[in-house]
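Engineer: Protein chains in written order, with our numbering: chain Z, 1 to 309; chain D, 1001 to 1102.
Please note that a few of the clues may not be correct.
[What the hints assert, rightly or not] On the chain Z side, residues computed to face chain D include the following (Cβ under 8 Å):
{"id": "1", "residue": "Thr210"}
{"id": "2", "residue": "Thr229"}
{"id": "3", "residue": "Phe230"}
{"id": "4", "residue": "Glu232"}
{"id": "5", "residue": "Val235"}
{"id": "6", "residue": "Arg242"}
{"id": "7", "residue": "Val245"}
{"id": "8", "residue": "Gly246"}
{"id": "9", "residue": "Asp253"}
{"id": "10", "residue": "Ser255"}
{"id": "11", "residue": "Met264"}
{"id": "12", "residue": "Thr288"}
{"id": "13", "residue": "Lys304"}
{"id": "14", "residue": "Ile308"}
[As the list claims (entries may be wrong)] What follows is a list of derived Cβ distance ranges for each label pair:
{"id": "15", "chain 1": "D", "residue 1": "Thr1045", "chain 2": "Z", "residue 2": "Asp276", "range": "24 to 32 Å"}
{"id": "16", "chain 1": "D", "residue 1": "Thr1088", "chain 2": "Z", "residue 2": "Glu161", "range": "23 to 31 Å"}
{"id": "17", "chain 1": "D", "residue 1": "Thr1003", "chain 2": "Z", "residue 2": "Thr93", "range": "29 to 37 Å"}
[Unchecked claim] DSS-like, lysine-lysine: derived pairs with alpha carbons at most 27 Å apart:
{"id": "18", "chain 1": "Z", "residue 1": "Lys309", "chain 2": "D", "residue 2": "Lys1029"}
{"id": "19", "chain 1": "Z", "residue 1": "Lys279", "chain 2": "D", "residue 2": "Lys1056"}
{"id": "20", "chain 1": "Z", "residue 1": "Lys279", "chain 2": "Z", "residue 2": "Lys309"}
{"id": "21", "chain 1": "D", "residue 1": "Lys1056", "chain 2": "Z", "residue 2": "Lys247"}
Just so you know, the hints here were simulated from the structure itself, not pulled from any lab data. Using N, Cα and C, we set each Cβ at its ideal position, and we do this for glycine too.
Okay, here's what each chain looks like letter by letter:
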Amino acid sequence: MKLSSSDGTRLAFILAASAFLTSCAGRLERPAMPAVIAVPSPDRQTGNYTLDNYKTDLSAYDRAVGPDAVRIRNKIVYNITAEIDYAFYDYETKLFLNEGKFHIASDFMQLGLAAGSTVSLGARGKTILGALLTGITGLNLSIDKNVFRQQTVQAISSSMEANRDRIKTTIVKQLANDTTAYPMAAARADLIRYFFAGTLSSGLQQLGQTAAADAKTQSAALSDAQVATFSESDVTTATELRQAVGKELAGGDFSELIAWLKAMKEPIADNAAQADVDKACRALLERTVHDATLREQSFAEARKIGLIK
Amino acid sequence: MATEMFDGKEPLKEQENDINGVEQSLSAKTVKYEGQKGGTQNQATLEDVPFSDPLKPLYLAAVDVGASTAATISQFQTKGQTLAFQGTAYVAGASKTVMGFR
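Chain Z extracted, bound-state conformation (with noise of 0.2 Å):
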């Protein structure tokens, strides 16, 4: 086939769109790193907490007391912190850009188990956050493949979010507490609470719990708005209070119904005219239909007061 010049023109046009779209696409999984926290930093001086900075710091905060101790805690958990992060979301990327790979098991279970993941941890993970998370075993971390692909990635990624700011909060906070209330024993726990909130496993198990949650919800709410169950008994009873209500409203003497309405704190005035109490009588016994204690009490006011046997 001979090409006329015109279709040579758009096929170079073409060719030059498309290498420059595959550059782009390069770019997609996140912008070009800061020099200072690339992984390593070109320089190998800073944005990268080593195992040894972590050993010296540690050497340091043993020997140190008072505020020296406080700032060598603050300046490990701060460290160990961006570490954290860094890993996190780099993880939390993989995890959007890879979502199909979730449907191949061993995929699935190379992200899931983030503690022996070099996926998830990346290079840091095999440097103070090994050392962080050394004498952690027995997991179990045990992920139900189907569980995760009920739910988006947006949503699990919401969750560990969420698990990750709720820790953060709390560690923040006893940063400013000196090294006998918040030693750094009790730093490196809540380190290690940070680093698995931003796990598969924790996201979900938020998310299960969240979900649980909203069901119960639902389930009450649900509940509230149907009518309570009436045994047999419950209706014979509604059924003499009924008319005893009808005969007092029709007799023109409500001092009963007021004395009823009263026990059972419903509002109602001591001269209230028929409507009223007619009002007041349906109002409490709306109340009635859908709560089963409720009901209960109004029949034994009702049995105390004489307006039912």
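Fit chain D to the known structure of chain Z by using the hints.
Structural biologist: Chain D in isolation, oriented as in the chain Z frame:
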């Protein structure tokens, strides 16, 4: 007119007790009873009745949706009870044609 929601997972006899209890408590009679979409709840529409007026007890009967109701209606009529409402509602969680007689 007021509406009340009932648990359509309950058997017919229990729903009958619930409706009678509500009617006596609210001094109102059911004029419509229908299942709600997307669940197993039934909604009753009730019309107020003066406390001093008599309110006969309500009896429920149910047949499969699409089945004839003539025999059931006739059976209640011989006992002097007339059809108060008829609609599709849930009984023990299943959709049925439910009739109310008083």
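Engineer: Please go over all the hints and tell whether each is borne out by the structure.
Structural biologist: Evaluation of the provided hints:
1. Thr210: Constraint on Thr210/Z not satisfied, violated at 22 Å.
2. Thr229: holds, 6 Å
3. Phe230: Where the cut-off is 8 Å and the nearest Cβ of chain D is about 3 Å from Phe230/Z, the hint holds.
4. Glu232: holds, 6 Å
5. Val235: holds, 5 Å
6. Arg242: Since the shortest Cβ distance to chain D is 5 Å, the answer is holds.
7. Val245: holds, 5 Å
8. Gly246: With Cβ-Cβ at 4 Å, under 8 Å, it holds.
9. Asp253: violated, 14 Å
10. Ser255: Result: violated, 16 Å to nearest chain D Cβ.
11. Met264: violated, 13 Å
12. Thr288: Holds. Min distance 6 Å.
13. Lys304: The hint is violated - Lys304/Z has no Cβ within 8 Å of chain D, the shortest such distance being about 19 Å.
14. Ile308: violated, 12 Å
15. Thr1045/D - Asp276/Z: 24 to 32 Å: holds, 26 Å
16. Thr1088/D - Glu161/Z: 23 to 31 Å: violated, 46 Å
17. Thr1003/D - Thr93/Z: 29 to 37 Å: violated, 51 Å
18. Lys309/Z - Lys1029/D: With a Cα-Cα distance of about 25 Å, the restraint between Lys309/Z and Lys1029/D holds, given a limit of 27 Å.
19. Lys279/Z - Lys1056/D: Since the Cα atoms of Lys279/Z and Lys1056/D sit roughly 22 Å apart, the hinted pair holds (cutoff 27 Å).
20. Lys279/Z - Lys309/Z: Satisfied, since the Cα-Cα distance of roughly 23 Å is no more than 27 Å.
21. Lys1056/D - Lys247/Z: holds, 16 Å
In this structure, the hints that do not hold are numbers 1, 9, 10, 11, 13, 14, 16, 17, in rising order.
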